[in-house]
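Chains as they are written, first to last, in my numbering: chain V, 103 to 215; chain S, -3 to 111.
There may be inaccurate statements among the hints.
Computed from the model, here is a short list of chain S residues facing chain V with C-beta under 10 Å [what the hints assert, rightly or not]:
hint : residue
1    : I0
2    : M27
3    : G36
4    : S38
5    : L39
6    : L41
7    : I86
8    : S90
9    : F101
10   : F102
11   : Q104
12   : R107
Partial list, derived from the structure: chain V residues whose beta carbon lies under 7 Å from chain S [unchecked claim]:
hint : residue
13   : G145
14   : L146
15   : Q202
16   : F203
17   : F205
18   : T207
19   : G208
By construction, these hints were calculated from the structure, which means they are not laboratory data. Values in this document were obtained by computation on a predicted structure and should not be read as measured data. For every residue, glycine included, the Cβ atom is placed at its ideal position computed from N, Cα and C.
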Amino acid sequence: GNSVTQMEGPVTLSEEAFLTINCTYTATGYPSLFWYVQYPGEGLQLLLKATKADDKGSNKGFEATYRKETTSFHLEKGSVQVSDSAVYFCALSARRTGNQFYFGTGTSLTVIP
Amino acid sequence: SAVISQKPSRDICQRGTSLTIQCQVDSQVTMMFWYRQQPGQSLTLIATANQGSEATYESGFVIDKFPISRPNLTFSTLTVSNMSPEDSSIYLCSVEDSGTVAGAFFGQGTRLTVV
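Please model the complete structure; the sequences and the hints are all you need to start from.
What follows is the structure, given as structure tokens:
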């Protein structure tokens, strides 16, 4: 079956620190992988995506590389800002399941000045 | 990308009552999804709604509790019936990008509190 395992939180970092949020997946076939962000009081927003192995998704300084050999899609940012404080969700979508999304449990990030 | 309007954005309801949540998309889509996000937790798929057919429910969710309508390719409703405090959650509507997996698009969600 399809599932996503995401690093437990919460994570607290100082401004300009390096961020890594781990995500691994189990899937049948060749899924697409996503990171979503949820700012306080708001809905989900697509942050970045990768649709095949070795693709790198990037947006707003965040990056994640689709690693088929390790079934991973870790989220990284070189220098976080206070405005990055949010909950981050790793997700996969597999066409065999009608593009249903499977989400990780979410990782709460707080960046302090 | 698709723009999804969901309403109400929030509501406080008495136990035993029902609430219908509306989801309007600015383009025609084949599949629409309804998710629940319980406090502090991730998203759980409730059901998939295709136009012209009955919704397909995930394990643990039944039509009597969460009836869904999908009258056309741009609109869907989810009703939370006979509510209890355990139904207090955020309910989100989602659509895929037809033709390619560009990423699911989500409405802002409906924050439901049952008292």
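Here's how the hints hold up against the structure:
1. Annotation: I0 of chain S was flagged as interfacial toward chain V, and the flag holds, the nearest CB pair being 9 Å apart, inside 10 Å.
2. Annotation: interface hint on M27 of chain S holds; nearest CB of chain V at approximately 6 Å, less than 10 Å.
3. Proximity of G36 of chain S to chain V holds as hinted, the smallest CB-CB distance being about 8 Å (cut-off 10 Å).
4. Satisfaction of the interface hint for S38 of chain S is found here, the shortest Cβ-Cβ separation to chain V being roughly 5 Å, below the 10 Å cut-off.
5. At its closest, the beta carbon of L39 of chain S sits 5 Å from a beta carbon of chain V; the interface hint therefore holds under the 10 Å criterion.
6. The beta carbon of L41 of chain S is positioned within 10 Å of a beta carbon in chain V (closest approach about 6 Å), and the interface hint is therefore held.
7. Hint on I86 of chain S holds. Least Cβ distance to chain V is approximately 8 Å, under the 10 Å limit.
8. Among the interface hints, the one on S90 of chain S holds; its C-beta lies about 7 Å from the nearest C-beta in chain V, closer than the 10 Å criterion.
9. At its closest, the beta carbon of F101 of chain S sits 7 Å from a beta carbon of chain V; the interface hint therefore holds under the 10 Å criterion.
10. Satisfaction of the interface hint for F102 of chain S is found here, the shortest Cβ-Cβ separation to chain V being roughly 4 Å, below the 10 Å cut-off.
11. The criterion of a C-beta within 10 Å of any C-beta in chain V is met by Q104 of chain S, whose closest approach is roughly 4 Å, and the hint holds.
12. The beta carbon of R107 of chain S is positioned within 10 Å of a beta carbon in chain V (closest approach about 9 Å), and the interface hint is therefore held.
13. For G145 of chain V, the interface hint holds, since its Cβ comes within 7 Å of a Cβ in chain S; the closest pair sits about 4 Å apart.
14. A hinted interface residue such as L146 of chain V counts as satisfied when its beta carbon comes closer than 7 Å to some beta carbon of chain S; here the least separation is about 4 Å, so the hint holds.
15. At about 6 Å, the closest approach between the beta carbon of Q202 of chain V and any beta carbon in chain S falls short of 7 Å, and the interface hint on this residue holds.
16. For F203 of chain V, the interface hint holds, the least distance from its beta-carbon to any beta-carbon of chain S being 5 Å, beneath 7 Å.
17. Interface restraint check: F205 of chain V against chain S, minimum CB-CB distance 5 Å, threshold 7 Å, status holds.
18. Because the closest C-beta pair between T207 of chain V and chain S is about 5 Å apart, less than 7 Å, the hint holds.
19. Contact between G208 of chain V and chain S, as hinted, is supported at the beta carbon level, the nearest pair being about 5 Å apart and thus within 7 Å.
The structure meets every hint from the earlier list without exception.
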